[in-house]
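A.B. asks: Please put together the full structure from these sequences, using the hints given.
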Amino acid sequence: MSLPEFDFHAPGSVDEACRMLAEYGPKAKIFAGGTDLMLDMRRRRILPENVISIPGIEELKTLDLSSGMLKIGSCVTIARIVKSKEVAGKWGALCAGGKALGSCLVRNLATVGGNIASARPAADLPPPLMVYGASLVLKKTSAERVVSIDHFFTGTGATVMAPDEILTEIRLSEPPPHSGAGYLNLGIRNACDINILNVASYVALDGPGGAIKDARIVMGCVAPTHVRVLSAENLLLGEKPSEALFERAGEAAMNAATPRGSAYSRASAEYKKDMVKELTVRTLGMALREALGPAS
Amino acid sequence: MKKLIRVTVNDVRYEVAVKPNQTLVDMIRYDLGLTGTKNGCGEGDCGACTVILDGTPVNSCLVLAMQADGRTITTIEGVEGEKGLHPLQKAFIEKGAVQCGFCTPGMVLSAKSVLDENPAPSEEEIREGISGNLCRCTGYLQIIDAVKSVGK
Ligand SMILES: Cc1cc2nc3c(=O)[nH]c(=O)nc-3n(C[C@H](O)[C@H](O)[C@H](O)COP(=O)(O)OP(=O)(O)OC[C@H]3O[C@@H](n4cnc5c(N)ncnc54)[C@H](O)[C@@H]3O)c2cc1C
Ligand code: FES
Ligand code: FES
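Protein chains in written order, with this note's numbering: chain S, 1 to 296; chain D, 1 to 152.
In short, the hints are calculated from the structure, not lab data.
The structure displayed is predicted, hence computed values, not measured ones.
Hints are supplied without guarantee of correctness; some may be wrong.
[Claimed, not checked] Straight-line C-alpha distance at most 20 Å; calculated SDA-like pairs for lysine to any residue:
hint : chain 1 : residue 1 : chain 2 : residue 2
1    : S       : Lys29     : S       : Thr154
2    : D       : Lys19     : S       : Arg44
3    : S       : Lys99     : D       : Pro121
4    : D       : Lys83     : D       : Ile93
C.D. replies: Here is the structure:
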């Protein structure tokens, strides 16, 4: 199907893009990789009067590790995340999320910012970003604010972002020693599908072989937004990691999940609930192995 | 409103007047007349529209023509050299990797990108590199054979 009519703008800087958003109002749409927006426009779900193309803005394409923190410009492509050795080394679950996204062709266009801003509950990057405690920088002409990704999503396709704001940067602090994370997604095929379910887990230990001092578990596809499973996280805190403990956390996650069956994937709600447990146990195992280090 | 953009396609410079809602694949096919690039699903699923944009293979159905302003594109028509078909194209023919041919332009460009990045790719890397290109005819094995025979 052909695209609806709109005006096209390619600002050269974030400031110029912000000014355009302010001028054109809510009928303007940011176009990053376009891999979500093109479909939304073709299917007439989004009908912008003005399309503001941002992948040419250099300042949004930096991947910076110099401050001990990972700063990802919103227009960094998924392909760059997947290929970055630094990301793979310290934020492995994010790299895994990137690898699960689309095909290599899609990953060459799709951006990190777009995967967050589109706020789809099946998206691959939000679970790892949430377990790593990412914060998001939002800019508009008059102001800049930083929000935790935990408070960013308000519903399917809905976020706290105002229509005149741009997501410019995603910040991740370096995971502490003796911590690790894991990400798994369940789909129908390996490339180009929509997740049935996705889970990321993170644990930090109180020293080598110590008790769990911090834990985060996030699941997608079971509610209108990605959700943290606080009941399962709390159950892990202060405990020594063990298979039995992870089983109990998996059960808590299963009980917290309220998925709907999906006609597209033919996955029933019951199946998804069972798999929540399975993926939680497995990602906790992955997180623990990373936390214990290569010697384990 | 139409706007004039400048693109270099297969080493030829073009000035084209394009509409804001025109996709890159449509510009290539209808304005430049380079119909080797196919328009299949129009949604990023099939890879028939694959072109190499500034060195990176992308789905040209997901790119707006205006976004190509000032950039460099290789389509299947630009793969052939002065000495005739590219070794990959020859290998596709020899190994029976072409049946109906609809996926072939995109498949060849994705495979070429794999080889440009790594002249000796593993089978896994080849499979990964063509993961965005669907083929309804060959069952992929002949395609992987063809790419392997050129690599090394
Ligand atoms: C074939 C195919 C397969 C796919 N498979 C997957 C998959 O497996 N997993 C997955 O998670 N996704 C998948 N996707 C969806 C899509 O590729 C990703 O969500 C991608 O990360 C979106 O990024 P983008 O840059 O293309 O976003 P765009 O389409 O450019 O934008 C998406 C939305 O976010 C807004 N936006 C984008 N950037 C910003 C910003 N910086 N500030 C404010 N708003 C912004 C846009 O206005 C738009 O509403 C797939 C898409 C296709 C076509
Ligand atoms: S036509 Fe572009 S991916 Fe199918
Ligand atoms: S040869 Fe027919 S689709 Fe591949």
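A.B. asks: With the threshold set at 20 Å, check whether the alpha-carbon distance from Lys29/S to Thr154/S stays at or below it.
C.D. replies: holds, 19 Å
A.B. asks: Taking only the CA atoms, is the gap from Lys83/D to Ile93/D under or equal to 20 Å?
C.D. replies: holds, 16 Å
A.B. asks: Going straight from one Cα to the other, do Lys19/D and Arg44/S come out at no more than 20 Å?
C.D. replies: Answer holds: Lys19/D to Arg44/S is near 18 Å, not above 20 Å.
A.B. asks: Compare the distance between the alpha carbons of Lys99/S and Pro121/D with 20 Å, and conclude whether the hinted pair is satisfied.
C.D. replies: holds, 18 Å
Checked against the numbered hints above, the structure breaks none of them.
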